[in-house]
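These are the residues of each chain, in order.
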Amino acid sequence: MTDRKFKGTNTYIATDDLKMAVNAAVTLERPILIKGEPGTGKTQLAFEIAGALGRPLIEWHIKSTTKAQQGLYDYDAVARLRDSQLGDDRVNDIANYIVRGKIWEAFESDVRPVLLIDEIDKADIEFPNDLLRELDRMEFYVYETKQLIIANQRPIIVITSNNEKELPDAFLRRCFFHYIKFPDQKTMEQIVEVHYPGLKKTLLKEALAAFYKIRDVPGLKKKPSTSELLDWIKLLLAEDISPEALRAEDRRKAIPPLYGALLKNEQDVHLFEQLVFLDRRNTSRQ
Amino acid sequence: MLTKFFFMLKEGGMKPSITELLTLLEALKRGVAGHSVDDFYYLSRAALVKDETQFDRFDRIFAAHFEGIEDAFKSLAGEVPADWLQRQAELMLSEEERAQIEAMGGFDKLMEALRERLEEQEERHEGGSKWIGTAGTSPFGAYGYNPEGVRIGQQGSRHRRAVKVWDRREYRNLDDKIELGTRNIKIALRALRKFAREGAADQLDLDDTIDKTARNAGFLDIRMVPERHNAVKVLLCLDIGGSMDDHVRVCEEMFSAARSEFKHLEYFYFHNFVYESMWKDNRRRHAERIPTSEITHKYGPDYKLVIVGDATMSPYEIVYAGGSVEHWNEEPGAVWIKRLLNAYPKAIWLNPEPEQRWGYTPSIKLTRELMEGRMYPLTVRGLGEGIKRLH
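Taken in order, these protein sequences are the chains called A and B. If you count by this note's numbering, then the first sequence holds residues 476 to 761, one letter each, in order. If you count by this note's numbering, then the second sequence holds residues 239 to 629, one letter each, in order.
If you're looking for bench data, these hints aren't it; they were derived computationally from the structure. Note that this is a predicted model, so its numbers are computed, not measured. Where hints are given, some of them may not hold.
Stated by the list, open to error - Calculated cross-link-like contacts (lysine-lysine; reagent style DSSO-like; alpha-carbon spacing at most 27 Å):
(1) A:K697 - B:K536
(2) B:K584 - A:K696
(3) A:K696 - B:K603
(4) B:K450 - A:K739
(5) B:K536 - A:K597
Said to hold, decoys possible - Sample of chain B residues at the chain A side, in silico, Cβ under 10 Å:
(6) K288
(7) T451
(8) A452
(9) K536
Positions of the beta carbon are idealized from the N, C-alpha and C atoms, including for glycine.
Could you build the full structure based on these sequences and the hints that come with them?
Here you go:
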């Protein structure tokens with residue numbers, strides 16, 4: 476079975492290196508690991524791959540308490556205990572209490588699905604190691620029912636990580652890797668263009684200039700990212716802010732309008748306001 | 239050809255595995271990369287490098303290998319070996335060309351010029367992409383090296399475009415390569431791990447109890463678990479320079495290895511004592527300093543402060559304004575350490591100097607007083623005690 480090449484979509488701008496990594500992973504049926512700053516579209520990528528290749532998407536969002544086993548199946552012992560006390564006949568067949576996990580679901584899919592394992596670094600450090608065999612051989616064993624589950628076809632696995640924990644080497648070796656770096660201004664213009672087509676050139680230019688200026692402010696706890704920029708532009712459009720209002724040269728209005736969309740942290744807002752204040756004072760002295 | 243590249247990566251301090259090489263070869267065989275050098279670069283990077291901090295290293299080795307030039311490799315692995323140059327040139331030149339070179343002044347002379355060019359190239363590397371612009375003036379271009387090979391001064395546009403990708407060295411800031419550690423570190427690390435993951439099993443694990451009870455046909459089976467401790471945040475400040483040079487690598491390796499245990503580990507360098515600024519990259523210590531107030535502002539009081547330093551200096555460096563040996567400090571170091579201790583109630587000072595010598599050095603005594611006694615020797619035992627104070 477051959478898949479078309481992933482080329483990005485009309486709602487997602489993919490750089491050449493990202494396309495290459497995705498296509499290699501799809502062709503060789505290996506998982507692809509995506510890292511990058513928050514808000515650079517790591518999770519979105521899985522949706523776009525599924526959309527572009529016309530595949531169903533199965534999402535598995537990882538939390539700090541998630542165990543690898545939960546992706547395979549859960550044995551609902553409590554339900555069985557309850558049923559046994561109620562004298563339910565179902566209790567005799569243990570298979571009634573096996574609840575399928577996301578990986579099982581992906582393995583049994585009729586068409587080759589895209590499986591998103593989101594934020595794998597949130598889980599325990601042993602989590603990736605517990606999935607080695609499953610991701611490698613694409614099979615696992617259900618001990619309760621003595622059943623071997625083998626994938627109908629190898630799913631396209633997209634794994635995202637925010638780099639909160641280092642992942643084990645053995646796991647990394649089995650993946651293709653891509654690091655989404657923060658887009659430069661040119662790529663950013665393309666990204667904004669696909670989200671808000673026909674945006675007034677001047678507004679876009681001023682918005683991006685203001686955005687990169689804020690990103691350059693030293694000491695911000697959380698630098699605004701692509702997704703925040705897109706939200707901000709949406710707000711600017713909704714409020715019909717003129718490009719002139721964004722121009723930072725005008726010192727009296729140096730705080731960009733609606734900056735709450737860009738700065739998500741009280742201390743950052745405070746710091747930013749202070750800097751603007753100092754800046755204004757310096758220019759008025761001159 | 240790729241095996242050689244593979245071993246060059248290994249020599250350059252990267253850890254590509256055979257599995258990864260085979261994956262790359264399989265991908266090439268199945269035509270994932272097409273025929274462009276850019277594609278090949280992206281593909282090999284996705285297959286062989288699994289850590290963005292290694293991208294810069296990879297870029298340099300890639301450039302070195304596929305340009306046939308060891309310029310970047312030089313900074314990684316020392317001098318360019320003469321025989322390596324010779325071998326490269328021999329590979330790349332036909333018999334006639336070699337004869338031509340002999341006529342022009344001999345092979346040695348050419349190699350001398352090539353070496354000069356390499357040195358020049360390194361300077362240019364810092365400055366930008368001037369390297370490409372030298373086409374035509376270079377004697378090597380004139381001799382017409384094989385297009386697959388050295389390409390000094392060649393205008394080959396396909397190749398040139400590819401060069402730009404890894405020559406930009408966008409990932410330079412991320413390289414965190416550090417020296418290998420010693421056995422001591424591993425022992426210390428074990429102590430840290432205890433800190434992060436172990437504890438008394440004093441909490442009832444409700445889910446497991448229900449699960450085990452159910453499996454136990456309804457007989458109660460109580461399960462206990464230790465409390466989770468793995469959300470520790472550590473702020474590490476390392477003294478660097480002078481007598482500290484040996485210790486710093488050891489410490490950094492230790493904490494680097496502990497990164498999988500600690501959710502948040504931030505590190506900064508200082509010289510002799512903490513003043514109004516620190517830095518993250520020792521090569522750019524003068525250019526890129528981070529104000530200490532910015533550090534305390536950015537990392538909240540839930541961080542645990544670990545200062546590593548020998549605290550061996552003139553006491554003036556601690557108590558007087560302008561006492562620093564490196565710069566003019568407006569406020570004395572003692573003021574700054576107090577500010578740090580106010581910002582981080584959980585703080586310790588680890589001292590690699592042997593404990594029995596502490597009493598003879600006034601600055602250590604002084605620092606210890608400023609730290610309210612929380613100074614520990616950088617030994618397994620000292621580290622264990624210090625970590626207890628951090629709880």
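Interface hint check: B:T451, Cβ to nearest Cβ on chain A, cutoff 10 Å. Holds or violated? Hint holds; B:T451 Cβ to chain A Cβ min 8 Å, cut 10 Å.
Would the hint linking A:K696 and B:K603 be met if the CA-CA limit is 27 Å? violated, 36 Å
Given the hinted pair A:K697 and B:K536, is their Cα-Cα distance within 27 Å? Given that 27 Å is the threshold and the Cα spacing comes to 10 Å, the pair holds.
With 10 Å as the cut and Cβ atoms as the points, is B:K536 at the interface with chain A? Check passed: Cβ of B:K536 comes within 6 Å of chain A, closer than 10 Å.
Between B:K450 and A:K739, does the CA-CA distance stay at or below 27 Å? violated, 44 Å
Hold the hint about B:A452 up to the distance rule: shortest CB distance to chain A must be less than 10 Å. It holds, given that the least Cβ distance between B:A452 and chain A is near 4 Å, below 10 Å.
Hint consistency between B:K584 and A:K696 [alpha-carbon to alpha-carbon, up to 27 Å]: The hint holds at about 21 Å.
Would you settle whether the hint for B:K288 is holds or violated, based on the nearest Cβ-Cβ distance to chain A being less than 10 Å? Holds, about 4 Å.
Could you grab the alpha-carbon distance between B:K536 and A:K597 and see if it respects the 27 Å cut-off? This hinted pair holds, its Cα atoms lying about 22 Å apart.
Checked against the numbered hints above, the structure violates hints 3, 4; every other hint is satisfied.
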